[in-house]
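Student: Sequence:
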Amino acid sequence: MRKELVWAGIIGISFGLVIAFGAWRVRSSVVSKAKPVPTSAPQIGVERNRITIDKPRNLDVIIASPFTVSGITKPLTWVVISAENVDYLTQSADDGTFSANIEPKAGVNHIKVTSVNTQGDESSQEVLAVYSSSFQSESSTDTKDSEKTDSETDK
1 MRKELVWAGI IGISFGLVIA FGAWRVRSSV VSKAKPVPTS APQIGVERNR ITIDKPRNLD
61 VIIASPFTVS GITKPLTWVV ISAENVDYLT QSADDGTFSA NIEPKAGVNH IKVTSVNTQG
121 DESSQEVLAV YSSSFQSESS TDTKDSEKTD SETDK
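Numbering (full-length UniProt numbering), first residue to last: 1 to 155.
What the hints contain is simulated information worked out from the structure, not anything from laboratory work. Please note that the accuracy of each hint is not assured.
[Said to hold, decoys possible] Straight line, CA to CA, 30 Å or less: simulated DSS-like cross-link-like pairs of lysine-lysine:
no. : residue 1 : residue 2
1   : Lys3      : Lys55
2   : Lys74     : Lys55
3   : Lys112    : Lys55
4   : Lys105    : Lys55
[Unchecked claim] Listed next, with one range per pair, are the computed distances between beta-carbon atoms:
no. : residue 1 : residue 2 : range
5   : Ser99     : Val30     : 50 to 60 Å
6   : Ala64     : Glu122    : 27 to 37 Å
7   : Ile19     : Ser124    : 58 to 68 Å
8   : Ser132    : Thr52     : 18 to 28 Å
9   : Ser28     : Thr52     : 50 to 60 Å
10  : Asp95     : Asn58     : 22 to 32 Å
11  : Ser65     : Leu89     : 17 to 27 Å
12  : Lys3      : Ser29     : 33 to 43 Å
13  : Val130    : Ser99     : 15 to 25 Å
14  : Thr39     : Ser132    : 42 to 52 Å
15  : Ala64     : Gln119    : 30 to 40 Å
Yeah, the Cβ is synthetic: ideal placement off N, Cα and C, and Gly gets one too.
The whole structure should be built from the sequences, with the hints applied where relevant.
Tutor: Set out below in structure tokens:
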């Protein structure tokens, strides 16, 4: 019986060591995969290049040709205004404002405005503007009709 107890003890200790070794291997592989990912430290005092389009707003209906695209960005940066078939290049003023007159095409005009600073940072914003000359003729006709009505009522 003593001999059986010794063998049971040896087998039990061996079995425990195998399980402990397996647990140690699993834990070490999980811990090595969970290493933190290095990130760049935020730069204090460095502002990114941004641009905001003031006119036209998205999906505006334009009745005048040419119309003005204006907005604001960082001072003294180059601004590229890309219309359907033509690109316009301008520079923002000392206060960061920019504007350019654009000849629209009939229908929907996809306008992309990109600001590029001296470090090469870019910022873009896009708008859709609808141009229709028929609205212009209708609005001028309405104005003439209202002027006639006003002059007739004055009599």
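Student: Note whether the CB distance of Lys3 and Ser29 lies within 33 to 43 Å or breaks it.
Tutor: 40 Å, holds
Student: Is it true that the C-beta distance of Ser99 to Val30 lies inside 50 to 60 Å, as the hint says?
Tutor: At roughly 59 Å between Cβ atoms, Val30 and Ser99 fall inside 50 to 60 Å, so the hint holds.
Student: Can the restraint linking Lys74 and Lys55 be considered satisfied, given a maximum Cα separation of 30 Å?
Tutor: Given pair Lys74, Lys55 holds - Cα atoms ~17 Å apart, limit 30 Å.
Student: With 58 to 68 Å as the target window, see if Ile19 and Ser124 comply at their CB atoms.
Tutor: 59 Å, holds
Student: Please test the hint of 17 to 27 Å on the beta carbon pair from Ser65 and Leu89.
Tutor: 20 Å, holds
Student: Could you grab the alpha-carbon distance between Lys112 and Lys55 and see if it respects the 30 Å cut-off?
Tutor: Distance ~12 Å between Lys112 and Lys55 Cα, so the pair holds.
Student: Starting from the hint 42 to 52 Å, judge whether the C-beta atoms of Thr39 and Ser132 obey it.
Tutor: 50 Å, holds
Student: A range of 18 to 28 Å was offered for this pair. Does it hold for the Cβ distance of Ser132 and Thr52?
Tutor: Given range 18 to 28 Å: holds, Cβ gap about 26 Å.
Student: That 27 to 37 Å hint for Ala64 and Glu122 (C-beta), does it hold up?
Tutor: 30 Å, holds
Student: The hint says 50 to 60 Å between Ser28 and Thr52; measuring C-beta to C-beta, is that right?
Tutor: Distance hint for Ser28, Thr52 holds at roughly 52 Å.
Student: I want to verify a distance hint. Is the separation of the beta carbons of Val130 and Ser99 within 15 to 25 Å?
Tutor: 20 Å, holds
Student: Within a Cα-Cα threshold of 30 Å, do Lys3 and Lys55 meet the stated pairing?
Tutor: Measuring from Cα to Cα gives roughly 95 Å; hence the hint is violated.
When the structure is compared with the earlier hints, a violation turns up for hint 1 alone.
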